[in-house]
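Knowing the structure of chain A, use the given hints to seat chain B on it.
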Amino acid sequence: MRLRRADCEGIYLMASVNLNSQQKPTRVSSLPSPPAVASALDTATRVMTPENIAFEYQLAGPFRRIVAYVADILISLVGFGIAAFAVWMGFLFLFENTFVGDELWGLLAFMTLVSWFLIYWFYGAVAETYMNGQTFGKKICGLRVMTVDGHAIDGVQATLRNFFRLLDMAPVASIPTMLGSVSDDFGLITPTCLIGLIAMTINKRYQRIGDMVAGTMVIHEEPRSFTKLAEFSDPRVASLAELIPPTFVVSAKLSRAISEYVDSRAKLAPQRANEIAVHVAQPLLQRFGIPTNTDADLFVCALYFRTFAGQPSDEETASEPVAQAFPAKTVVITAEDAQ
Amino acid sequence: MNVAQLLKKRQPQWRELERLCETVSERPNRSRTELVSRFASLYRAACADLALAESNQLPPATVEYLHQLVAKAHNQLYRSERYQYRKWYRVIFRDTPRRIFHDPCVHIVAVLFWGLFLISAYLAYDNSVWPGFAQDIVGQEQLDASADMFADFGGRDRGSNWMMFGFYIFNNAGIGLNCFVWMLFVLPGFVTLSFNSVYLGTIFGYMFRPEMGEAGDHFKNFVTAHGPFELTAIALSAGAGLKIGLGWLMTGGLNRLDSLQKAGRDALPIAMTAVALFCLAAAIEGLISATPEEYMPWFVKGIVATFTSFLLTFYFVVLGFPEPGDPDVDFLTGEMNEA
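Chains A and B are the protein sequences, given in the same order. Mapping to the working numbering: the first sequence position 37 is 37, numbers consecutive. Mapping to the working numbering: the second sequence position 225 is 225, numbers consecutive.
Source of the hints: derived by calculation from the structure; they are not laboratory data. A hint or two may mislead.
[Stated by the list, open to error] Here are the simulated DSSO-like cross-link-like pairs (lysine-lysine), alpha carbons at most 27 Å apart as the crow flies: (1) A:253 to A:267; (2) B:262 to A:204; (3) B:262 to B:87; (4) A:228 to B:9; (5) A:253 to B:8; (6) A:228 to A:267; (7) A:228 to A:253; (8) A:204 to A:139; (9) A:253 to B:9; (10) A:228 to B:262.
Looking at chain A on its own, in the form it has when it is part of the complex (with noise of 0.2 Å):
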């Protein structure tokens, strides 16, 4: 998630009057909670494992739930077009001779509808219960069901949610009705889904009927890739960030505002990026001694490579022991050996 320039600015002011007021930050030893405005405006929730750690899943909105189902109705019709398309050709072949050509037909009828109606309401139950909580819909726009304390879900609950959905797409509309003919006849009728909507902005979680009876919600697995360090290819960077004195600790807050605005000051303008990064520079420069007409924009980049890939600093390291408590051995996984 990145932030809008204006929250960056936000931030950035913020952990410059947190400078100014107090003389001494501290280091973040505990697990913060996430600001609570933040995760009030946020589509995200938070989720704690068995690890006994909290990490966050996006939650899911109507749109890109909907995109998914039609998917899902497609591929079950498509599917099962095909499957019958077989069965029939092959009842067709076997018993050529052995039935009246209506009745094998109306046979044939009878067990596809049949089928259909099994398919229709329960292909997301058993696809939900077989698949970890994804139908082939959900897989392809990357969403999954989880409970709504972020655990798979049971075949009770798949059955359940998916029963709902009847419910949740009520209340159904005439599409000629709704362009203005007036007639005995409805035509095409469509589901609104209104009552879902409507359920899934009153909750939290984006939860429709279906998934509160059940007690699931549906969530985003955003595919995210590992992101690099920045590096600055002007020598003065590293020059500046050698002014800055040893004992001057960054706080947590510090170093998130300064990784924000140099992830995001290539898409600045120059002016723009030195307005923002002033809030920052200035009264550091000032308390370093370092000349104030220094670039702004050049002193928060140093201040970012001297916190993330500057000296490393005395003090003793929280990854040393996870490194030991979990000892990586190099055993390499190849495709093959996965097999």
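Showing chain B alone in chain A's frame:
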């Protein structure tokens, strides 16, 4: 160690975990043991990295990446619980019939459904108490349409009969499902249920009138065999729906949402019994009801109806009857008091 070194050290393992997530998700049950245990330890290490992200001052982009990585791995490690077939025997032959036998919601709905059905069937059959009842309720057009439809039924065209029956399954199961889901709001559910029971009752009564002749015979021939299963299924699905609807109205001391979810879990076996009955009714419909009079006289279908009614009674009353030493059942809520 500074952040750059930390990232350099940890990133190969994160990347490996990412790769493993994909291999594991492709064939969840056939992954090799060492692969799974490697996956688990990489996952725990990533969890620890995420937990320490703040105190290690990792840049926000990396923290977001870790959130996503941990969520992805979490969803592969904790998988959906599948249907537990071993429990099914007990659930199907012991718990479910007892639940149905005791459930006040099922009683209320069954009395309402069958009561309205029989009353309207009688009023439509015997035109003297409320002259023109059938016309008032269903309308002459609909009555004529169903009379016409059944007038053509018979031995001539079994093929198209079968197709019709397939359609009926959709229609009748649709009625059941509509009752089930609309009962969540209780009142609309009762309206749907009453409307359908009066409508069906009226058609039954009207078609059984002696003056209907051919069409009446064909109708009797068609509905007798699968009637018990199909109508009971409608009543049961409405009963299950009412249970869920009362779940969020009568919370019994629980949080409203929790109570709704609990009611959903309790009501699902009843709803699934209804689904099973709909499927059995469909099978009888296709194999027995569809056979014309010449091949299978009406009394055979009568025997089938008697037998299925007997089966239903056996299931609901004999299997459902409480044994001495059974937990007490609260009459109002249908709760089993495990004391």
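For each hint, the structure was consulted:
1. A:253 to A:267: 22 Å, holds
2. B:262 to A:204: 20 Å, holds
3. B:262 to B:87: Holds - the C-alpha atoms of residue 87 of chain B and residue 262 of chain B are around 19 Å apart, at most 27 Å.
4. A:228 to B:9: 13 Å, holds
5. A:253 to B:8: Within the cut-off at roughly 23 Å; holds.
6. A:228 to A:267: 17 Å, holds
7. A:228 to A:253: Holds, at about 20 Å.
8. A:204 to A:139: 23 Å, holds
9. A:253 to B:9: 24 Å, holds
10. A:228 to B:262: The given pair, whose Cα atoms are some 47 Å apart, is violated under the 27 Å limit.
Violated hints amount to a single one, hint 10; each of the other numbered hints is respected by the structure.
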